[in-house]
Structures are given as structure tokens and as C-alpha cells.
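So you can see what is in the structure, the chains are spelled out below.
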Amino acid sequence: MTLKSLFLASTLIPLATLAQSAEIWVTNEKDDTISVIDVDTLEVTRTIETGERPRGITFSKDFSRVYICASDSDTVQVMDPDTGEILFDLPSGEDPEQFVLHPDDRHLYIANEDDAITTVVDTQTRKVVAQIDVGIEPEGMAVSPDGKIAITTSETTNMAHWIDTETQELFANTLVDSRPRHAEFAQAGRELWVSAEIGGTVSIFDVASQSEKGKINFEVKGVHPDRVQPVGFEFTEDEKTAFVALGPSNHVAVVNAETYEVEDYILVGRRVWHMAFSPDKSKLFTTNGVSGDVTVIDVAKRTPIKTIKVGRFPWGAAMRP
Amino acid sequence: MLRRFCTTLFLAVQPLLAHSAPIDVPVTYVRQKQAPLATLSNLDPRPDDLGTAGAQLALLDNLTTGKFLGHNYKLNLVEVPEDGDALAAVTTALMTSQLVVLDMPAATARAVADLPAAQTALLFNASAPDADLRNADCRANLLHTIPSDAMRADAVMQFARSKRWEDLAMVMGPRPADQRFAAALENSAAKFGLKIDTKLTWDIDADMRRNAAQEVPLLTQSLGDYDLLLVADEADDFARYIPFNTWHPRPVAGSAGLMPKTWSPVVEQWGAAQLQGRFLDEHARDMQSRDYAAWAAVRSIGEAVTRTGSADAQTLRDFILSDAFELAGFKGRPLSYRSWNGQLRQPIPLVTPRAVVTQAPLPGYLHQHSEMDTLGFDQPETTCEAFQ
Chain A
1 MTLKSLFLAS
11 TLIPLATLAQ
21 SAEIWVTNEK
31 DDTISVIDVD
41 TLEVTRTIET
51 GERPRGITFS
61 KDFSRVYICA
71 SDSDTVQVMD
81 PDTGEILFDL
91 PSGEDPEQFV
101 LHPDDRHLYI
111 ANEDDAITTV
121 VDTQTRKVVA
131 QIDVGIEPEG
141 MAVSPDGKIA
151 ITTSETTNMA
161 HWIDTETQEL
171 FANTLVDSRP
181 RHAEFAQAGR
191 ELWVSAEIGG
201 TVSIFDVASQ
211 SEKGKINFEV
221 KGVHPDRVQP
231 VGFEFTEDEK
241 TAFVALGPSN
251 HVAVVNAETY
261 EVEDYILVGR
271 RVWHMAFSPD
281 KSKLFTTNGV
291 SGDVTVIDVA
301 KRTPIKTIKV
311 GRFPWGAAMR
321 P
Chain B
322 MLRRFCTTLF
332 LAVQPLLAHS
342 APIDVPVTYV
352 RQKQAPLATL
362 SNLDPRPDDL
372 GTAGAQLALL
382 DNLTTGKFLG
392 HNYKLNLVEV
402 PEDGDALAAV
412 TTALMTSQLV
422 VLDMPAATAR
432 AVADLPAAQT
442 ALLFNASAPD
452 ADLRNADCRA
462 NLLHTIPSDA
472 MRADAVMQFA
482 RSKRWEDLAM
492 VMGPRPADQR
502 FAAALENSAA
512 KFGLKIDTKL
522 TWDIDADMRR
532 NAAQEVPLLT
542 QSLGDYDLLL
552 VADEADDFAR
562 YIPFNTWHPR
572 PVAGSAGLMP
582 KTWSPVVEQW
592 GAAQLQGRFL
602 DEHARDMQSR
612 DYAAWAAVRS
622 IGEAVTRTGS
632 ADAQTLRDFI
642 LSDAFELAGF
652 KGRPLSYRSW
662 NGQLRQPIPL
672 VTPRAVVTQA
682 PLPGYLHQHS
692 EMDTLGFDQP
702 ETTCEAFQ
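So the protein lines, in turn, are chains A and B.
Here this note's numbering is used: the first residue of the first sequence is 1, the next is one more, and so on.
Here this note's numbering is used: the first residue of the second sequence is 322, the next is one more, and so on.
With the rest of the complex left out, here is chain A (with noise of 0.2 angstroms):
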């Protein structure tokens, strides 16, 4: 080998690495940052700012947007994340907390916490496709498979509201446990699950009748159960296993979905928040709020194998392959 093969081979390689290795985005409510924290090394190496107090993070389809909710600034911003750069700002109805990304690829469906609205933005031509009066403080937003059904769950009315996404009008509201968190479509979009923080349930609806079919109960050994209290879930790619964070129990539980019998346990970071799978769901990425940090989970092992520091409040997380 020559001395110039040496060369390359010594700085191209973990060049080309670096541009494959998925990562996790973190947004740090309290610092208006993104912390991009690498999946195979398990380092942050970028720390983007945002506009002030980002909390919800999605990707396009394709990877090539971010859109960050930027609470205190109103707005959605639309970023290019190779190069952090803010492209534009939707808008987003005052407060955006929370989003989800309808399978279209196109509309966004933003809970605005403050306004007890829901707003629907076409990304594409960047303007307000329609606005829906949805009860106090939404907050959880999710999007059937099909793409027909979009919900918001309010904590304070403690509902799950249910969404046309054909006329965008309201087709079902159902009441759920104190403070609905978080909402997922689950088992192919046949089962909706709400947490509900201060209740500290989760509960799952049958999507075709919107009627509750069962009710997840969590029991932290050592810890009282008014800190119980359920946020962010996410599934494992079978759907069989939902990982669910309870607050400032700060422990992780897995949920058999299949039983809703709730299996383990896993001790994490200081109220942990929202979380996200690496891209071959091996490892689980948990925001601890109040620790302003990240665990990272062995899934197959159910154990927490690192502890990363990001900004202030860290709050939500999105992966990037």
C-alpha cells in the first residue's frame, strides 16, 4: 500500500461513515437548540439552534426536512438538516406543541397548545388549510396509517378528539383519563393509544367503534403513584412491545401490546418525556427533561446502556437514518 492509499483510506473512510451513521434529533425546550446525537457512537456532534422553546420534531418522508415546532415563536420552522439552516417558517396557529405528519407527506396537523385549536398547514404551498376547535391545552397528535383519521388529545378537557381528515371536521370525541399526553395508532391503525399524565393509564380505543376496549395500569416499585405518570410511547416494529415513559417516575415501562400487560421497568433519566428508535429499533433513545439529558436503551436487553448530555429540557426526539 502506498503511502497516498494509506492517506486516504485513513481519513475518507470515517468521512463516509459519518455521512451514513443515523442519528437522533433532540430539541432542548429551555435552550432553543437541537442536539443531533450520533446512533453509533453515541456522541452529540452538532448542536443547531431553533427559534425559541422547540418541542415537537418530525422529518419529511424522505429525510430532507425537519420541522420543528417553535412554541414561544409561533411558528413551524422547516429546516435542511445537513446544514441546519432554517429554509422557512409555516405557519402554525400561536403555540405549536405538538405535530404529526400525514402519511401524504404534505399536511401537517399542529395541537396549539394555548389556543385550543388544531391547525392543518399544507407544507407545500405554506398555508393554513383549516383550523378546528379541539378542548384546552391540546397536546398529543397522531395520524391513522390510512390517513383518514387524525386525533388531538386536550389535557385539560381530557379528551381524545377525532378528525375527518376528509372534510376536517370532528367526527368523535371520547374521554379519557386526566391529562392525555400522547396518542399513537396501533396494530395497523385498528387500536388508538392515549396516556393520560395525572390518571396514569394508558388507554386504548378500537378505532372503528372509538369505544375504550382496555386500560394499561403502571406499578413502579419504590415510587408513589402520583409520579407515575405516563407521556411519550413508542412501538417496536412488530408492534408487539410498546416502550412507554412515565414522567418523574423516571423509569421506562414495556408493554406487552398484545396483553397490555405492562412486562419491565427501565430506569432512566430525571422525568423522562418522549423517545425515539434508532433505525433498526435495537436501541431507544428516552428524553429526560429534568436531567437535560438522554438514556439510551438496549431494546432486546430492556437495560438503559448510556447516559448523554444534551441541552436544558430536552422534549422531543426524532430519527434520522
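In case anyone wonders, no lab produced these hints; they're calculated from the structure.
Glycine included, every Cβ here is placed at the ideal spot set by N, Cα and C.
Mixed in with the good hints there might be a few duds.
What the hints assert, rightly or not - To spell it out: a stretch of chain A is covered by chain B in this simulated footprint if at least three of its residues, at any positions, have a beta carbon under 8 angstroms from a beta carbon of chain B; those stretches are:
no., region
1, 109-116
2, 134-146
3, 157-163
4, 194-206
5, 222-230
Claimed, not checked - No more than 35 angstroms apart at the CA atoms, straight line, and that leaves these computed lysine-lysine pairs for DSBU-like:
no., chain 1, residue 1, chain 2, residue 2
6, A, K30, A, K281
7, A, K221, B, K520
8, A, K309, A, K30
9, B, K582, A, K309
10, A, K306, A, K281
11, A, K213, B, K388
12, B, K484, B, K520
13, B, K582, A, K221
14, B, K388, A, K215
15, B, K582, A, K30
16, A, K215, B, K395
17, A, K306, A, K30
18, A, K127, B, K520
19, B, K484, A, K221
20, B, K395, B, K582
21, B, K484, A, K306
22, A, K148, A, K281
23, A, K215, A, K127
24, B, K388, A, K148
25, A, K61, A, K240
26, A, K30, B, K484
27, A, K309, B, K484
Using the hints provided, position chain B relative to the given structure of chain A.
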């Protein structure tokens, strides 16, 4: 702008009802006007809508939920002059509503609860912190959303204990409310194994805005040495002039310095920022403790109506006192009512004017049922019998 534009576009939104039967939920808020006590400082104007503003915000919260359920809430505000007949006003109110929030002194609230017409009603005390109402003078139809003096005192003592500030001194005002809070602090000190070694009554009638630097050191010199100086000044008259003017360089707690509050503008965690923001938008001022207590009362009614689908006072009372009831009160834990005296159990923020120092119950104060029951009168302590 955006919102207005879109509201016209989507005016046709007819929320579908989760429960079908529409019900009316009339709530009355009865306030007996109380002349504010004269204070040395003019810094804190007492808002005319103290209390009622919180009830009105809760009404809006309830109405939003109600519109999806067919529950129609109404709030009727009744104001009784200071020398007026509160009992007659409540009797009239009870003809249209069995759900009444009381903003009046303890003795009047007790007399209201004893009215024959009130026996099937559900009353909320949103202003009187008196111990007796939670003990021997409790009434089965009277719940309390304002914390007792004992709950606030216990919050201070948990903090002092955890800091190992064991030797305490106290300056108290001469008014009945000051003496009441001072008594609560003394009981609480004993409860947590602390000692108030010396105490004195504030009897300086000079204008402290000019003289604090001369008078307060002399006054506090006579207290000897201590770890923490307690101040009991419920009207917020002289307490503000104590910190930094004491003879010994010691922290101050109670009515100045570290203050145990039902609610404060500095509370922002646990979603509280949203509640503060909604209040500020509606009423153009900060939310205070009395506003919070009134808000909690009207929201408790709303939560119980939502969950039971009933507006019947007895059904609501049974539900509110059951284990199934929980109110999301923006204090980080589900709030509920003590089944032995009707007190809303709640965390007490310990605040300075600019920040939450910590929130009681403090870590380490354990309890077999709820850590919040380490604040105030727990089941074994209460002398209330009406709830048995």
C-alpha cells in the same frame, strides 16, 4: 387574525357529543365583601375580582369540555356587602343551584353550611384557611379548596427540617389572621420536631418604608440567635421590610422571604405556564392563591360532572370524595379531596417573589397513602366527625 379568518371558514363545526343527554350545571359564587386591611405599602393593589376571576377561568375550562358532552355550565356571581346578609343571599342562590362556591369568613361559611336549605347542597370554601373548619367545625356539605393554615405552615417546617434549621424565632402581627397563622406555625414546628425559641408581636407603628433599616434590627436583636426567622403577617403589612434588616444575618420565611403559597405567578412547571397564560389573557393580571382556590372549586365540579354525567349535588359529592376523583391542578400530582374533612389535598409551592424554591411535600416526607397528607390535618389528627 389567522384564527378569526379560519373560524369563519369552519363555523360549521358541530362537535359530536360523547354522551347524549344534555344537562345544565348552574354554579353560584357568593362573595361577602371584606374591606382590605390597611397596609404600609401600596405596592400590591388588591384586585376587585380576586377569587371570582379564577372561578370565571374554570368556567371557560368547563364550558370547553362541556360543549363536547352537552354539559352547559353557568356561573352566577353574587356579591354581599360587608354588613349584608350572606345567609339570605345563599338561601336565594340555593333555589337555582345546589353547587355554591363560598368566598367569606369561616364563621359565615359555617353558618351557610348549617342552613336547612343547604343540607343537600355541595359547598366549596375557597377563602377561609381556618383550622376549625377542617376539624371540630367541619361540615359534611362543605369542601375546602383553599389550603388550611396548617398545610402552609407544614410546608415551611418541612423545609426548615430538611435544612436542619432547628432553632426558630418568630415575629407576628397583632391581627387575628396573623395570630392564627402564627399558631399554625407553632403547631407545625412541634409536629416536625422544631422549636420556636423566641417570638414577639410586631407593634411598631412607624412608617417602615422609611424606618425599616433602623427599627427592624433593634426589634429582632431581642430574639437572640436562631437559624430561621418566621414572620406571620397575613395582610402582608410589615413582613416585606424584615428580610436583610434583621440583627443576625438569617433567612426569613412565612409571610416574607420563603413563602408557602397556594399559587403564585412564579409557578410554571407541570403545565402551570399554560394556566398562568390563560389567566393573564382573560384577566390582565397575575393569578393569585384565592383565584386558584376558586378555580379548583369550579374545576372540581366540572371534572365530577364530566365523569359522572350528572349535575346532582349528592352524586357529585360522592364522586369527588371517592378514590376515582382526580383533578389535574397544574401542581405535578393529581389532586383529590380528603375523605375525613373535605380538604383538597395539594402540594404547596415555597416561593420567593421571583422563583419556586421547592414544592412541599418535600422528598423524604413519606406517608402510607399520599405524601400530600404530610401537609395539614391527617386522618388520625382531625377532630372532624361530620364525614364519618
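So, going through the hints one by one against the coordinates:
{"no.": "1", "hint": "109-116", "in the structure": "holds (count 4)"}
{"no.": "2", "hint": "134-146", "in the structure": "holds (count 3)"}
{"no.": "3", "hint": "157-163", "in the structure": "holds (count 4)"}
{"no.": "4", "hint": "194-206", "in the structure": "holds (count 4)"}
{"no.": "5", "hint": "222-230", "in the structure": "holds (count 3)"}
{"no.": "6", "hint": "A/K30 - A/K281", "in the structure": "holds, 28 angstroms"}
{"no.": "7", "hint": "A/K221 - B/K520", "in the structure": "violated, 44 angstroms"}
{"no.": "8", "hint": "A/K309 - A/K30", "in the structure": "holds, 14 angstroms"}
{"no.": "9", "hint": "B/K582 - A/K309", "in the structure": "holds, 34 angstroms"}
{"no.": "10", "hint": "A/K306 - A/K281", "in the structure": "holds, 16 angstroms"}
{"no.": "11", "hint": "A/K213 - B/K388", "in the structure": "holds, 25 angstroms"}
{"no.": "12", "hint": "B/K484 - B/K520", "in the structure": "holds, 21 angstroms"}
{"no.": "13", "hint": "B/K582 - A/K221", "in the structure": "holds, 31 angstroms"}
{"no.": "14", "hint": "B/K388 - A/K215", "in the structure": "holds, 25 angstroms"}
{"no.": "15", "hint": "B/K582 - A/K30", "in the structure": "holds, 25 angstroms"}
{"no.": "16", "hint": "A/K215 - B/K395", "in the structure": "holds, 33 angstroms"}
{"no.": "17", "hint": "A/K306 - A/K30", "in the structure": "holds, 23 angstroms"}
{"no.": "18", "hint": "A/K127 - B/K520", "in the structure": "violated, 67 angstroms"}
{"no.": "19", "hint": "B/K484 - A/K221", "in the structure": "holds, 28 angstroms"}
{"no.": "20", "hint": "B/K395 - B/K582", "in the structure": "holds, 29 angstroms"}
{"no.": "21", "hint": "B/K484 - A/K306", "in the structure": "holds, 33 angstroms"}
{"no.": "22", "hint": "A/K148 - A/K281", "in the structure": "holds, 27 angstroms"}
{"no.": "23", "hint": "A/K215 - A/K127", "in the structure": "violated, 38 angstroms"}
{"no.": "24", "hint": "B/K388 - A/K148", "in the structure": "holds, 24 angstroms"}
{"no.": "25", "hint": "A/K61 - A/K240", "in the structure": "holds, 24 angstroms"}
{"no.": "26", "hint": "A/K30 - B/K484", "in the structure": "holds, 29 angstroms"}
{"no.": "27", "hint": "A/K309 - B/K484", "in the structure": "holds, 30 angstroms"}
Violation of the numbered hints given earlier is confined to hints 7, 18, 23; the remaining hints are satisfied by the structure.
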